[in-house]
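Take 196 as the starting number for the sequence shown in this note's numbering and just add one per residue.
Simulated from the structure, these hints should not be mistaken for lab results.
Where a beta carbon is used, it is the ideal one built from N, C-alpha and C, also for glycine.
Some hints here could point you the wrong way.
Below are the DSSO-like pairs computed for lysine-lysine, each with C-alpha atoms no more than 30 Å apart in a straight line [claimed, not checked]:
no. : residue 1 : residue 2
1   : LYS215    : LYS349
2   : LYS215    : LYS666
3   : LYS652    : LYS593
4   : LYS1140   : LYS927
5   : LYS593    : LYS717
6   : LYS297    : LYS1033
7   : LYS215    : LYS438
Here are the in silico distance ranges between beta carbons for each label pair [as the list claims (entries may be wrong)]:
no. : residue 1 : residue 2 : range
8   : LEU274    : GLU246    : 36 to 46 Å
9   : SER572    : GLU623    : 26 to 36 Å
10  : ASP1037   : TRP254    : 53 to 63 Å
11  : LEU960    : TRP254    : 42 to 52 Å
12  : GLN998    : GLY622    : 33 to 43 Å
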Amino acid sequence: MSAHSLPETTNLWHGLEVDKALEMLDSDANSGLTSQEVEQRRQKYGLNELEENGGRSPWEILLDQFTNIMLLMLIAVALISGFLDLLALTGGTLKDGEVPFKDTIAIMAIVILNGILGYVQESRAEKALAALKKLSSPLVRVIRNGNLGEIAAKDLVPGDVMLLEAGVQVAADGRLIEQSNLQVRESALTGEAASVNKQAILTLPEDTSLGDRLNSVFQGTEVVQGRAKVLVTDTGMRTELGKIATMLQSVESEPTPLQQRMTQLGNVLVTGSLVLVAIVVGGGLIHDLIKGIGWKNLQELVEVSLSMAVAVVPEGLPAVITVTLALGTQRMVQHHALIRKLPAVETLGSVTTICSDKTGTLTQNKMVVQSVYTNNSTFRVTGEGYTPIGDFQLNGEKANLDEYPEISALIVPCAVCNDAVLQQKQGEWAILGDPTEGALVTLAGKGGIEQDQWNSKLPRVAEFPFSSERKRMSVICQLEAVATGESSITAIDPAIAGFVESEQYLMFTKGSPELTLERCTKIHLGNHAVPINEEQRSQILVANDQMASKGLRVLGFAYKPLTEVPPDASEDTSEVDLVWLGLVGMLDAPRPEVRASVQECRQAGIRPIMITGDHQLTAQAIAIDLGIAQEGDRVLTGQQLQRLSDQELEEQVDLVSIYARVSPEHKLRIVQALQRRGRFVAMTGDGVNDAPALKQADIGIAMGITGTDVSKEASDMILLDDNFATIVAATKEGRVVYTNIRRFIKYILGSNIGEVLTIAASPLLGLGGVPLTPLQILWMNLVTDGLPALALAVEPPEPDVMQRPPFSPRESIFDRGLGSYMIRIGIVFAIITIILMKWAFDHTHAAGYPGNPDTWKTMVFTSLCLAQMGHAISIRSNNRLAIEMNPFSNPFVLGSVVVTTILQLMLVYVPPLRSFFGTHELTLSELGICIAFSSLLFVWIECEKLFFRFIGKKTV
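Using the sequences provided together with the hints, build the complete structure.
Shown next as structure tokens:
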């Protein structure tokens, strides 16, 4: 068969018998492919590598920063200002002591600084794909040309026969040809904590979910136990890992709510500015033409328009926002949340839905025994994690184990029929081995059965390993004789005194409850074995079903006394006539602190959803326990989801809180469906399978301890303590940051509107000249606005910040009164300043005035700056008066007001600064008048608060 006739790809290898799969790929299970076939297939399928699509280059990212409409307007202003300075310089009309091009240099410096700030935020290279590549095994054993050899994993092709053994990483997707006791850990791909037992002989339905494809192995997973021969079916980007890489690279980053709002703000400001400039310049020209002046005042009108353009752009705003987000990042680190992408700080405050992975996020990623069943009684087991401390409870009361010898009899095999080891490291209990077996060792410790001691009392002499066909394992232990003069049985331990009569060996069996029970002819009651009847069998199976319905993983235990060690490979004949002991049910237990976090989420109007690759019953049990769902709530499985169209899924997502047995593409579809419904989604996860959904989500949250490198690189935020509760603290911080950003936007833009109106009024009042130069406006926007704005960014949170629903992430920056406040305060600000400006112009142009006639401009400049200081003190709260607030609850505001006032006075009274900024010295009476007019804005805002309080309106 030529390479061209081979199948392009199929997801249905698990639905084919081994022989059919070998036939389709024209391969041989014993001899593999020939060198010629390998070369042909490499040309058709390419190397077994993950491919990377080209992203934006650093230069493209940098240039994109200067497409911002506000920066473009500033660049235009700088160029026109520079052109006017050049005309003045060549025409000899430059004023004495005036520095040419200073406005141009200052404006371009601000433009470049803002561009660099944006570039630094965006230029973090996405490394998720590089982390995915690390999951690929470097070398792999294969059969080619009938010979066994080792090759580089990238050289694998479909049709290769690959050999697996314990400890290796699977290098490509494949269909099992044969296997022996194969267990594979697929948690990185499916999210399941327990390793999966694989079976080559199975042929599965086409719609079998990824976690249930027991006859297949997948690239990036790890072989825990056993060995296998595998037919390679998919390589490179066609593997399940490759599909994740494709999804990662296909997800386009959407702008955050803050970025969308800043774009909207820029558009409104620039449009408004251009309209106002057109009115002023057009009106001025018409006025001049009517009076017969002609184009004489055109340069003056252009200078006015330049000042208005600079005034309307809040040059300091990007820097203030960046510093605010950085401060929020530092505070979040104190709450164990690491922010990878700066805008995510504010975005967290808009989250309406948290989609959480189960394993390791809502749960401890530790199997913990929840209940045991023996002698027709179910006992609840308490305790956390692998710590061997806990109680056995019957009907809510602590059980005395001396009164229930069946419990001790049941937990002895939990300790000895076990290959895991329980260890204490640095005060923490941990297991070495399989998590399921670790839970059993922990259970034995809670019942006083210490594994080390019992391994001495019952040394293992033989075993029948677990096999996926039998679904059980057995160990044969010898009863050690003790020279006490008594029988060897009673000398060992009363817990097993009733297990044997004269036999010297005991076989302990654990495994599937149904298949183990089939092999039992007796049941252990009290201290003796008695024949088991059908009623008892039915009771055991009912108890098993009840445990399973709660999402527990259930194991059955039995024993058999032996007179001699059975021969090897005699499990079918030896594992008969067993004595039933009981059932043990375990679960990957919920984190104890998550229940309170889920409740807090609901109080804050945030909906938690569980999305997991684990089984339906397990997911439902955990979700109900944590309060994510209620009894009777619908669970949507991966198979059901696969059959839904995008439209049908979109109709379901608001009704379903639990998704089970889902694959990576399902997680991505769920997040996308929620987003189409207008939900703002945070997605938590730790596995490779979570990476595409983490990247698609509005906020991707990875786990810092258990999380894979892939999930971390795809995320916006990392939980350093893997604690779901940290999300709540981070969300609170996000809400505080957004509130403070709105606060200083109100502060900055209110003054900007006042500046623009004041500048526009100057030629209309016939005052002549521009009251503020571009350099002075830059000073106001960067220093007298910027420093108090930074101080407002650390304003402490309101007490009810987590007692209300999140504000809509789609809301305009001008919503909830911000737009009307800016316009209202801007007009009041302008009226106060225009009245001062008219008085100051007349005052400085009066006969006998000793100073410079342009001193009126300095009075306007000083009044605008000082008025902002009162504005900063008042705007700390929307509803409380300044005298009702503790000034030291945010000492930074007080400090910034003092520092900024001193700096402003230096511009007026320090000669070098006065010369550079083009100001004139004020007399004390003139300064007093500036202060008096400036304070009127503070008085107005405080009176507004009293008025709104009187009419019962509360602003947010």
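* Asked: Quick one: are GLN998 and GLY622 within 33 to 43 Å, going by C-beta?
  -> 38 Å, holds
* Asked: Taking 30 Å as the top limit, are the C-alpha atoms of LYS215 and LYS666 close enough?
  -> 27 Å, holds
* Asked: Are the Cα atoms of LYS297 and LYS1033 separated by 30 Å or less?
  -> 28 Å, holds
* Can the restraint linking LYS1140 and LYS927 be considered satisfied, given a maximum Cα separation of 30 Å? -> 26 Å, holds
* Using the Cβ atoms, figure out if LEU960 sits within 42 to 52 Å of TRP254. => 48 Å, holds
* Do the alpha carbons of LYS215 and LYS438 lie within 30 Å of each other, as the hint requires? -> Given pair LYS215, LYS438 holds - Cα atoms ~25 Å apart, limit 30 Å.
* For the pair we were handed, LYS593 and LYS717, check the Cα-Cα distance against 30 Å. => Given that 30 Å is the threshold and the Cα spacing comes to 29 Å, the pair holds.
* LEU274 paired with GLU246, Cβ distance criterion 36 to 46 Å -> At roughly 44 Å between Cβ atoms, GLU246 and LEU274 fall inside 36 to 46 Å, so the hint holds.
* Asked: Within 26 to 36 Å or not, the Cβ separation of SER572 and GLU623?
  -> 33 Å, holds
* Is the straight-line distance between the alpha-carbon of LYS215 and that of LYS349 30 Å or less? -> Distance ~26 Å between LYS215 and LYS349 Cα, so the pair holds.
* Is LYS652 close enough to LYS593, meaning Cα to Cα at most 30 Å? -> 28 Å, holds
* Beta-carbon spacing of ASP1037 to TRP254 - inside the hinted bounds 53 to 63 Å or not -> Holds - the Cβ-Cβ distance for ASP1037 and TRP254, about 55 Å, lies within 53 to 63 Å.
Consistency with the previously given hints is maintained throughout, with no hint failing.
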